[in-house]
Each structure stands twice: as structure tokens, then as C-alpha cells.
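Visitor: So the chains spell out like this:
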Amino acid sequence: MSQTAELKEREDKLQGMGTSLLRKEDAKFIRGQGSYIDDIKLPGMLFGAVVRSPYAHARIKGIDKAKALACPGVVAVLTADDLKPVNLHWMPTLGGDVQAVLADKKVCFQYQEVAMVLASDRYAAYDGAALVEVDYEELPAIVDPKKSMAPDAPIIREDIQDKKEVGHGPRTHPNHIFTWEAGDKAAADAAFKTAEITVREEMLNPRVHPCPLETCGCVASFDKPTGYLTVYMTSQAPHLVRTVLAMLSGIAESKIRVIGGDIGGGFGNKVPVYPGYVVAIVASIVTGVPIKWIESRIDNISTTGFARDYHGVGELAADKDGRIKGLRFSALADHGAFNSHVSATKFPAGLFSICTGSYAIPNAYARVDAVYTNKAPGGVAYRCSLRVTEAIYLIERMMDVLALKLGLDKAEIRRRNFVRSDQFPYTTSLGWTLDSGAYHPALEKVLKAVGYEGLRKEQAAKRADPKSPTLMGIGISTFTEIVGAGPTKVCDILGVGLFDSCEIRIHPTGGVIARLGTMSQGQGHATTYAQIIATELGLPAADIVVEEGDTDKSPYGAGTWGSRSTPVSGAATAMAARKIKDKAKKIAAHLLEVSEGDLEWEIDRFKVKGNPSQAKTMKEICMVAHTGNLPAGMEQGLNAVTYYDPPNLTFPFGAYLCVVDVDKFTGEVKVRRFYALDDCGTRINPMVIEGQIHGGLTEAFAVAMGQQIPFDENGNHLGNSLMDYFLPTAVETPKWETDHTVTLCPHHPLGAKGVAESPHVGGIPCFSNAVIDAFAHLGVTHMDMPHSAWRVWQQCNTLGVNKR
Amino acid sequence: MATAKKVSFKLNGKPVEVTVEPRELLIHSLRERLAHTGPHIGCETSHCGACTVDLNEMSVKACTVLTVQCEGAEITTIEGLEQGGALHALQQAFHEEHGLQCGYCTPGMITRAYRLLKENPNPSEQDIRSGISGNLCRCTGYQNIVKAVQSAAKKLAAAG
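One line per chain: the protein sequences are A and B, in this order. Quick note on numbering: the working numbering labels position 713 of the first sequence as 713, and the sequence is numbered without any gaps. Quick note on numbering: the working numbering labels position 7 of the second sequence as 1007, and the sequence is numbered without any gaps.
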């Protein structure tokens, strides 16, 4: 065998970074042997069903449990009064507010949790729930956030009406939560005053829901003799949840074990701590038996973790050549009845300040005002980092609005404003330091691949032809993401820094177990992390076991959300492996009787420079590390743990292009083509990355084309089952074309950035830009999502393009 | 509460008997009485298909079938597709084509595709897309699921 072939064979055996290794986690799932929360059954377990409010705003005058308690199988009915003795009827939220665990004297949103019925099985529990009699006195509800701060608006949160602030600065009205600002307002205002061109547009990111296929739930089991609480839970962040539970319950954190198990998708929905979990835990503490609580789909969409509901205003100021001089973006944020918005403490509006996007904008100012309404609480990040979709939607749409005003091509306006490759690291006027990028080449690659000029010619011909049954739209989105929260100097939740961790233990025969603070919900962590270790340590990925999500087993970490697993835990994994490799090198030098400086690493072994026959493989070193034949003073073992505090977030980017054909007569939008180029730096498993891109684009398609949670004027939910809430099927989901460039992350040990949220963040404005571009020649500058056939038809009808 | 009824059927080729209230849904009998937790529950309106099983050679959503309707039936679930220690071509293809991520829709999706290929052994891409449109996936965007079904169809055809 030639030397090259031999090296390649050794490399292939590792299945390390860069290979599309098939997923380790598939084996159980394709056999139906996953272990999701509802699969767990403990001896003596009771089922909890939640009694929910039919009103969006009402006082509770009385609760009668008698009929429910008489129902066969019902064991207990818990209300706020039952939780008061243990002081668990209210709980802190991740947004700095408090939230009623069970409604305390009043309900503030429809479907709010009022009581939990515990019974021998789920049928009996729901029978009992239907028999709990609650006497309500209905109050006027606030549904439109623009009316929340009216002087005569009903006060939603009487419990905090005298509080001057709820975690994030002064409040100016009892329904006001916070006002957040970034940038230099005076400088931005000055830029607008002197600008040759300004544009302004209002645009809504409607209230949507991540809607993973598995709803939320838990099995709580409190062991009275030991005082040990075990909670199996649908959580993307088990360690943070354990900390919250310790703060809430007063149980020592060492006696609480949170187990994530297998999770049927999260997309942000499974980050917060919901009342259902807490009631189940209290119920287990009170009854001494395990309690299972599983949401129905209607519960899930109505009450847990909605996203967006940002009513934005975008303004850009530019010169007549389209060079942007100033940006002013603001949003009115509807956070529902409790501020359980998920965010780092110092960022009440999340990372909205990424709203300068991929562009060099010298003067910028951003502001978000958050208010209470009589709707379910939340504000989770639906497949994006905190409020990044909202920010990028605004800038990518506003670039089109500006192009239209100037009569410039939508690719050209971007070229003229991109941060150039030679400007990185680039600090934006809102304070983020973009780590690396190559925006111009990415866009040019996409334009070439799709034949952009040809598409524009075809569009011009269609526009000139009154007989064309369709309108053609071309959407471009050249986004920059911000993921991998984050540096502990700026990022914490409830005081805990957003570092993450990896512990690696190597066994004598070369088997490896790695444990991490993150929590996969389908992202393929067991495969990706194993590949990092395989490359770093020269041991085959097949022999590397990855465990996450059991707080008793893995080191502390902030979990998986905001595309932080590769940027933070992936880095921790590499750093832990490198600690082991350093020790292995010392052992190799000892065995080969040379100095460490005489050794060089080659795939899976250390060899002596200039004398390649003298070498020690990692596998050999693994065994030696467990013997007495070690350098003087060295301990046995090859173990390491790393807690990685990232120096910066990572800034993946991409260039997307979408072509749509809009039926003038039905309003139906057909996606003809969607081309997505992503740059996430080093690509660890290309197959997994592609899969994440496909999934994220499909969720972007869902949001742009159909998802919205509507309410009537009394706060009644108008679409909380899959009858109404749009989840695309295989039929309407477009075919995705993917591409990539590689621009390394300079501060990540592997050069990698996060990726799974880019397609969602970049995809949504791309779809909107395409649909609106179809109408651009008719003077349309904006249409709010979702671009459903009905809404698009209304636009056609208003413009009269549907007249034959 | 109505009187419980005895119901007998074949589950993955083996005779089973359960005693259930008439209102009990098949998905709950399978998951909670018969320890077959492969089929999942994702909604309560028959939209998501996570609970899909094969009932008398038809794909059904076990969350909207009553167990008492299954007297004498032959039911196949994801647990019954592996034969003699060998994965079904669809199970293998979902793995090879990266046709799953969180795995929650996978048992229903594969069980649906199993019936689809029995009904139409040589489906076009469009046939597959409409054939699985009663099964929702939130993770994959379907592209690799379609590839997996195509690949399994080819392998099954070659195996005769």
C-alpha cells in the first residue's frame, strides 16, 4: 500500500470532522425505541390534567372541586390555594418577572392554568378536569398591544401594578414591561436629517408557535425518604431547569435530577419552565407518587412558548447611490400576560441589535417597548437566537424597500452596503463585533448559480405581458446571524453564565465517553461531537459515546438553543480533547524516550520527527495511561473536563434566493426555486448540516407562508389545533437547493459557527421579499406575513390584477 | 363509565387481548397496555400522523381509532417491521439518507411509507409526497424522507 493510501485508510477509519458520518442516534429511532417523556411509566404514577380558563381576563370568585373529587379514579384536585402553603403558587420567569403557577384570584389569558386534577389514568384525569367548577367574573381584555398603554387600559397585572420595574428598568404604565435601547439616537437622527433619501415601513412579525411534533411534558418523581427529586422533562436546557427548580423549591440542587431523555423537537418551545411542570413536581412532593403531565396539542399551541409578536417600524437613510447613512428600527413587543420571554439577563430584547445585518451602517439606533396583553406569555426564540429573526426580517425587508425607492436592483443595493471581507473583524454601530465574513463572494456565487440576470429578464417580460396568468417574484436575503450565546461577561440567565461544558473519559482499550451540558432535540449531537473527538484524538468515532441531558451525569451547561451547541460545547469538546492530547503526548515522549518537541502528530499517533517508524498510536497510549509506566509524577488516566466561555458570539451568514410564481386569480404562491448558500465556517458533518438547512428552510416557509396565531377582540384563540395552525406537509414544501462557502471563525478552536437557525432567520425574509417583489412594479412596498393564498389574493384583488 | 370490553387482535403477528372501555383509543391501548411505544401522539385531530399504524392492510391514525373497533384485526406497528433481526429496507434507507432528526415522526412515517410501497411499489416523487402528506415532520423538510422512500423502493424492487 502506498503511503498516501495508508494515511487515507487511517483517516477514513476515524470518520472524523468533514465526513458525512451516518447518525449514531438513528438506530433506536428507526425501530421505534426512542425514549420520549410520554413513554416513561413509573410504578404508582398518576396522570395530571390541567383545568384551563375559558376567558382571557377574569376574576376567579370560587372553585368547587366536589364533583371532580367524586369522579372515579380522581385522587386530588390542586389549585393555587393548595400550592400557597409551600409558596409555589407563583414562580420566577426567565424574563425577570413572576408567573402564576396556578391562577391566583384572576386569570390573565385564555387557557391559563387554573387547577390540576390528579387521577389514576389520563381518561379519569380529563373526566375530573371537566367537572371542576370555576366561578368567573369576566373582565375587559386587551388584545392589541397598541392599546396596552392607553391611559384607561384595564390593568392586567394587579399583582405588580405598583412595581416600578420588572427586571429591566423603569415602567411608565402598569401594562408596560420595559423599554430597551441601543445605539446613538442623536447620531442616527442627524443622519436622517441630512440624508438624500429616507424610507420608512411598518412590518409585523406575527405571533407564531414553534410547535414541535412532541408537545411539552414531564414525569416528576419525589422520593420522600431521601428527599430526592427526579424529573424527566422535555427540556432543551436541563441544567438551567435544575437551578430554577432548586431556587423555587428550596430542595438542595444536588438532590434534584433533571433528565432530558429523547426530545421530539424543540425549536425554542422547550426552553422555559412552564406551570405544568411545576404543578406536577409539587403534586409529586405532596402525594409522594410520580406524576405525569403531558400537554395536548391545543394546550401546547395555546399556552406554551409562542414566538415573535413584534410590531416593527424600519427606517433607513441613504445617499442617492443607495449607500446607507443611518438606521432607526423600533418594535412594540407583545409579551402576553407574564414576561416569560427567554433571554439573557442583559438583553431584554434579545439580540435585536444585530439588526444592522450584513451592512456597514455608520449610524444606528434601535428601540423595543414591551407590553403586557391578555394573551399567553412567552417570546421564545423559534429556531433563532433571541429576537434575531425579527431583527433580520426588518433589515432584509428594508434593503428591498430602499432599493425600490431608488430604482436600484436588489442585489446591487446589497453589494453597495456589505461589510467588505477586508473589514473583519467589524464592529457595528450597535456594538457587535462580526467575527468573519465574505459577503460579496457568497452573493455572487448564488447569482451565478441561478442565472440571476436571466431571471430578471424573464420577470420583465412577464410584467410587460398583461395576459400572463402569474406574477413572478425574486427574493434575495443576504443575512448575518448571531449565535452561540455567549460570553459570560455579557450573557447570563438568572445569574448563571452561558458557558458550556464537555467531560471526556478515555478507557484503557480506547473507548471514549463524552458528556456535555447541551441537549439534542434531533440535531445529531451524538454524531457531531464524536467526530470532533475522533479528529482531535485519533480514535474512531464509532467507539465514542456521547451523553447529554442527565444532570447527574453531565457537567453543567446552558443547553441547546440559539445554535449554541457547536459554537460553545463543540469548542468545549475540542478543548477537553486537547487537554487529553497534551497528556498523551507526554506519555508518548516518555515511551519513545525523546522530548515532546521531537514528536509530531499524524492522524492517530505521535511519531518521532525524521524517524517515522518510531511512533505510538493513541490507542496504545490509552492502555499505557492506565499502567505504572508513566512519566515521573504523572497520575493515571486520560480524562479531562472543560468549561468553555466563548470570547465572542459567532456570526454565520448566507445568501438565499427564492423565485415564486403568484397566481393572479387564486393568490396561490408557488415556490419555483429556493437556493440557499450558507457559511458556517468549518463543516463538521456536511450531511447533518444539510439536514438542518432543509429543516430550517421548511420552518421558514411555514412562518412566511402560513403561520399565525389569531385572536378575537375578547382574547379568544382562533386557531390552536393543527386543523388551523399551518404545518407544511411534503406536498407544499418546496425542494431545497443548498450550497456553501467556508469562512473560518477566528475565535473558535475548530473555526466553526452555529448553523441550524440560519435557514430560518434568512429564509423568512427571502420568502417575503420574493412574494412582495412579484408586486413591486405595481407600487407595493410591503405585505405582512403570512403570505397565504387568501391574503395574497386580497392584494391581487385590491390592485385589480385579477381582472381578465 | 361504560362497561369494559374484551378485544382480541393480532399485533405484529402475535395474538393479544385487552380489556378496555369503549372510548379507549387504539394509540393508548398500544402504548400503555401493550408496551408498544413506537407510535407516538402528536396531536388529537388526526393531522400529524405520528400515531400511524397498519390496520388490516391500511394506514390508520391510531389516535382516532377506538380499540373496540379492532376486534379480529391484524395490526402492524414500527416494532413489527424488523424481521429476523434484519431491518426493513425503509428503516435502513431512513438511516442512510438522513431521513430523520428528532425521531418523533419516524415510526409513523416509516409505517405509512411501508403501506405506500405495498400499494405503489414504484412511486414517483409526487406520489411519495402526496402519499406521506398525512404525516407531518417538523425537522427534515421531507427532502431526505422522499429520498429514503425512493431508495427503499428501488431496493425492494431489486430484491423482488
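The set of hints was computed from the structure by calculation and includes no laboratory data. Be aware that one or more of the hints could be misleading.
[What the hints assert, rightly or not] Capping the alpha-carbon separation at 25 Å, the derived lysine-lysine pairs in BS3-like fashion look like this:
| no. | chain 1 | residue 1 | chain 2 | residue 2 |
| --- | --- | --- | --- | --- |
| 1 | A | Lys193 | A | Lys346 |
| 2 | B | Lys1118 | B | Lys1155 |
| 3 | A | Lys735 | B | Lys1154 |
| 4 | A | Lys320 | A | Lys193 |
| 5 | A | Lys735 | B | Lys1014 |
| 6 | B | Lys1006 | A | Lys28 |
| 7 | A | Lys41 | A | Lys462 |
| 8 | B | Lys1147 | A | Lys41 |
| 9 | A | Lys735 | B | Lys1155 |
| 10 | A | Lys553 | A | Lys585 |
| 11 | B | Lys1155 | A | Lys24 |
[What the hints assert, rightly or not] A short list of chain B residues far from chain A (calculated; beta carbon distances all over 12 Å):
| no. | residue |
| --- | --- |
| 12 | Lys1010 |
| 13 | Arg1023 |
| 14 | Gly1038 |
| 15 | Gly1099 |
[Claimed, not checked] Here are the simulated distance ranges between beta carbons:
| no. | chain 1 | residue 1 | chain 2 | residue 2 | range |
| --- | --- | --- | --- | --- | --- |
| 16 | B | Ser1124 | A | Asp184 | 51 to 61 Å |
| 17 | A | Ala70 | B | Ala1004 | 16 to 26 Å |
| 18 | B | Glu1017 | A | Leu69 | 28 to 38 Å |
| 19 | A | Asp223 | B | Ser1130 | 43 to 53 Å |
| 20 | B | Ser1130 | A | His777 | 57 to 67 Å |
| 21 | B | Glu1057 | A | Pro710 | 33 to 43 Å |
| 22 | A | Ala70 | B | Lys1005 | 52 to 62 Å |
Predicted, not measured: the structure shown is a model, and the values here were computed from it. The beta carbon of each residue, even a glycine, is placed where N, CA and C say it ideally should be.
Visitor: Take the hints in turn and mark each one as holding or not.
Guide: Hints, verified against the model:
1. For a cut-off of 25 Å, the pair hint linking lysine 193 of chain A to lysine 346 of chain A is broken: about 31 Å separates their Cα positions.
2. For the given pair, lysine 1118 of chain B sits about 13 Å from lysine 1155 of chain B by alpha-carbon distance, which is consistent with the 25 Å threshold.
3. Taking the CA atoms of lysine 735 of chain A and lysine 1154 of chain B, the gap is near 21 Å; set against the 25 Å cutoff, the hint holds.
4. This hinted pair checks out: lysine 320 of chain A and lysine 193 of chain A have alpha carbons roughly 14 Å apart, not beyond 25 Å.
5. For a cut-off of 25 Å, the pair hint linking lysine 735 of chain A to lysine 1014 of chain B is broken: about 41 Å separates their Cα positions.
6. As the CA atoms of lysine 1006 of chain B and lysine 28 of chain A are separated by approximately 32 Å, the hinted pair breaks the 25 Å bound.
7. For the given pair, lysine 41 of chain A sits about 61 Å from lysine 462 of chain A by alpha-carbon distance, which is inconsistent with the 25 Å threshold.
8. With a C-alpha separation of about 36 Å, the suggested pairing of lysine 1147 of chain B with lysine 41 of chain A is violated against the 25 Å cut-off.
9. Of the pairs offered as hints, the one joining lysine 735 of chain A and lysine 1155 of chain B holds, with about 24 Å between alpha carbons and a cut-off of 25 Å not exceeded.
10. The suggested pairing of lysine 553 of chain A with lysine 585 of chain A is violated, with an alpha-carbon distance near 28 Å, which exceeds 25 Å.
11. At most 25 Å may separate the alpha-carbon atoms for a hinted pair to count; lysine 1155 of chain B and lysine 24 of chain A meet this at roughly 23 Å.
12. At the 12 Å boundary, the C-beta of lysine 1010 of chain B stays outside the reach of chain A, the nearest C-beta of that chain being 18 Å off.
13. With a least CB separation of 7 Å from chain A, arginine 1023 of chain B falls inside the 12 Å interface cut-off, contrary to its annotation.
14. Not every CB of chain A lies more than 12 Å from the CB of glycine 1038 of chain B, the least distance being 2 Å, so the non-interface label is violated.
15. Chain A draws glycine 1099 of chain B into its interface by the beta-carbon criterion, the shortest separation being 9 Å against a cut-off of 12 Å.
16. The hinted window of 51 to 61 Å between serine 1124 of chain B and aspartate 184 of chain A holds, with their beta carbons roughly 58 Å apart.
17. Restraint check, alanine 70 of chain A to alanine 1004 of chain B: a C-beta distance of roughly 20 Å satisfies the suggested window 16 to 26 Å.
18. Judged by the Cβ atoms, the range 28 to 38 Å given for glutamate 1017 of chain B and leucine 69 of chain A holds: they are separated by roughly 33 Å.
19. Between aspartate 223 of chain A and serine 1130 of chain B the C-beta distance comes to about 51 Å, which sits within the given range of 43 to 53 Å.
20. A C-beta distance of roughly 35 Å is found between serine 1130 of chain B and histidine 777 of chain A, which places it outside the suggested range of 57 to 67 Å.
21. For glutamate 1057 of chain B and proline 710 of chain A, the Cβ-Cβ distance of about 41 Å falls inside the hinted range of 33 to 43 Å, so the restraint holds.
22. The supplied range of 52 to 62 Å is broken by alanine 70 of chain A and lysine 1005 of chain B, whose beta-carbon atoms lie about 25 Å from each other.
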